[in-house]
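Heads up: the sequence lines are chains A and B, in that order. Residues in the first sequence are numbered from 62 upward in steps of one, following this note's numbering. Residues in the second sequence are numbered from -2 upward in steps of one, following this note's numbering.
Think of the hints as simulated: they come from the structure by calculation, not from any bench. The reader is advised that the hints may include incorrect statements.
Stated by the list, open to error - Here are some, though not all, of the chain A residues that point toward chain B, as calculated from beta-carbon distances under 8 angstroms:
{"hint": "1", "residue": "G438"}
{"hint": "2", "residue": "E445"}
{"hint": "3", "residue": "I446"}
{"hint": "4", "residue": "L449"}
{"hint": "5", "residue": "Q450"}
{"hint": "6", "residue": "K471"}
{"hint": "7", "residue": "L472"}
{"hint": "8", "residue": "E474"}
{"hint": "9", "residue": "K476"}
Claimed, not checked - Lysine to aspartate or glutamate pairs mimicking EDC-like chemistry, simulated, CA-CA at most 20 angstroms apart:
{"hint": "10", "chain 1": "A", "residue 1": "K471", "chain 2": "A", "residue 2": "E445"}
{"hint": "11", "chain 1": "B", "residue 1": "K50", "chain 2": "A", "residue 2": "E439"}
{"hint": "12", "chain 1": "A", "residue 1": "K447", "chain 2": "B", "residue 2": "D94"}
{"hint": "13", "chain 1": "A", "residue 1": "K471", "chain 2": "B", "residue 2": "E66"}
{"hint": "14", "chain 1": "B", "residue 1": "K134", "chain 2": "B", "residue 2": "E66"}
{"hint": "15", "chain 1": "A", "residue 1": "K455", "chain 2": "B", "residue 2": "D37"}
Predicted model only: the values in this text are computed from it and were never measured. The beta carbon of each residue, even a glycine, is placed where N, CA and C say it ideally should be.
Here is how the chains run, residue by residue.
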Amino acid sequence: MKILDEKIECISSEGMRSLQLERLQRLVEYLTKNSQFYQGKLEETGVAAGDIRELSDLTRLPFTVKADLRDNYPFGMFAVPMREIAEIHASSGTTGNPTVVAYTKKDIELWSMVMARAISIAGGTPDDIVQNAYGYGLFTGGLGVHYGALELGASVVPISSGGTKRQLKLMHDFGSTIITCTPSYALFMAEEAREMGYDPRKSPLKVGILGAEPWSDNLRREIEAAWDMTALDIYGLSEIIGPGVAQECPYKNGLHIFSDVFLPEIIDPVTGRVAEEGESGELIITTLTKEAMPLLRYRTGDIVTISHGTCECGRTLPRISKILGRTDDMLIIRGINVFPSQIESVLLQVEGARPHYQLVVDRIRGLDTLEVQVEVGEELFSDEIKQLQGLKEKIRKEIESVLALVVDVKLVEPKTIARSMGKAKRVIDRRSA
Amino acid sequence: MPHQISVFMENRPGKLERVTDLLADQGINIRAITITDSGDFGILKLLVNDPGKACDILTGNGLVAVLKEVVAIRVIDSPGGLRDIGATLTRHRINIDDAYGFVLRSGQSAVFVIQVINPEEVEVILKNEGFSLLGEKDLYQL
Chain A
62 MKILDEKIEC
72 ISSEGMRSLQ
82 LERLQRLVEY
92 LTKNSQFYQG
102 KLEETGVAAG
112 DIRELSDLTR
122 LPFTVKADLR
132 DNYPFGMFAV
142 PMREIAEIHA
152 SSGTTGNPTV
162 VAYTKKDIEL
172 WSMVMARAIS
182 IAGGTPDDIV
192 QNAYGYGLFT
202 GGLGVHYGAL
212 ELGASVVPIS
222 SGGTKRQLKL
232 MHDFGSTIIT
242 CTPSYALFMA
252 EEAREMGYDP
262 RKSPLKVGIL
272 GAEPWSDNLR
282 REIEAAWDMT
292 ALDIYGLSEI
302 IGPGVAQECP
312 YKNGLHIFSD
322 VFLPEIIDPV
332 TGRVAEEGES
342 GELIITTLTK
352 EAMPLLRYRT
362 GDIVTISHGT
372 CECGRTLPRI
382 SKILGRTDDM
392 LIIRGINVFP
402 SQIESVLLQV
412 EGARPHYQLV
422 VDRIRGLDTL
432 EVQVEVGEEL
442 FSDEIKQLQG
452 LKEKIRKEIE
462 SVLALVVDVK
472 LVEPKTIARS
482 MGKAKRVIDR
492 RSA
Chain B
-2 MPHQISVFME
8 NRPGKLERVT
18 DLLADQGINI
28 RAITITDSGD
38 FGILKLLVND
48 PGKACDILTG
58 NGLVAVLKEV
68 VAIRVIDSPG
78 GLRDIGATLT
88 RHRINIDDAY
98 GFVLRSGQSA
108 VFVIQVINPE
118 EVEVILKNEG
128 FSLLGEKDLY
138 QL
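Here chain A stands alone, though its shape is the one from the complex (with noise of 0.2 angstroms):
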């Protein structure tokens, strides 16, 4: 398969890293000059551009973080005045002030490039037709896949978020070969596709770049069988650009991050410590090379691991995990990190289907302990004691091995689990109280 930008996407590790430093320089140099907002948060941490001599120097820079963006709305992070911006993005901000992200025309070239790398290696080229279901507006999903589309030569059809009927009328009679869309949209639309009585398989599809939530393998293996297609994560945010931080190519060894641009560093989210190669922690980015609102060292909450060896594909760029967990619902149960998704993955592939639980963290007498509570569906249940115990047993030694950590399993009602907004509350932390 041919690879878009050779030069980086194959570049030596010494090639990289002394692109990286010296695009970092250029960025300290950059910001002192033109952002108000770093030139007070480098000055606190008493850092001057001259003191980044080595990549490593990177640590000495100050966080980002989601605060920050949200304390200076809407316009108190830009780093250039408002008419060299071309695009501005607001998250919804259903928690108070919104995020709001703005672009360059350079911006907005980067973020065609990246995301034109992200489709070419998925596999598309310009002889794909790009049906974009994200949706088009503030939400930078829509524009950011449209801009790569583009910049990659392919059709595009901005069809944007919704209408499934509509969808798979001009799926098939465009022949779309890629979609773009949420991963839990995609198997919607296989479901009502043949509820109208139309095979997905059949489908022109071939490959879907799904992403903007996290999903597991074996949703990953559901999706394939039901559009008998390859189906690829695609990883951004945002603060760092909008889709096109990271993608996963067909051999599904995690997700080339285009460090050439985003610089990622993975640290223990609580003692800052760099986290060893394969090692799980948060995913910091800064970006190199942006004009708007470029950002240091800012944390994406997200848990990942990254691995640095050449990939199947002949890239070189870094590979990142699927999203592992997010810092803000970390636990942390004698000593151990523990994430929800971790528990939630055992027990979708015990049960294959998506189970309710919840986790009760509590202390006693000194010694952490924690309870997984798993709702019984009608799937789940059969009337036979011992298939029951045998299924909570199941449970518990697949917890204990994915945790390294004892746990107690307790098989409970359904809708036992309080939800809230539709949203089971997954963790009760008993310790504090």
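Since chain A is already given, all that's left is putting chain B on it; use the hints.
Below, chain B alone, put in the same frame as chain A:
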């Protein structure tokens, strides 16, 4: 063939009341009941006069309940009444997953309910051996 309702229940005070409340409100009469306990959860098994309706009521109220076919055998309520059934089941190598019994009229007749892997086949065997089996209607209209 008669059906029993199996209900998943957490082992907590008030759980049995909830189930019986729901059934009583809708005029469901319970013929027989057993509870198997396993620490923090248990399985409640019920024979009622309208199993389909009862099962819908329970699932409609968020409980996990399923209908299971069972074999109901009429037994004479006197010493040795159950022994003949035991002997026959042994001879045919039939394994019982779960069973319970209840008396219909003291000193006259009782019912032995068994849960087996292949209830239809077991029904035929028992009928051929001369046992009196209770059908769906017989059982609920006792």
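Find the hints from earlier in the document that the structure breaks and name them by number, from lowest to highest.
13
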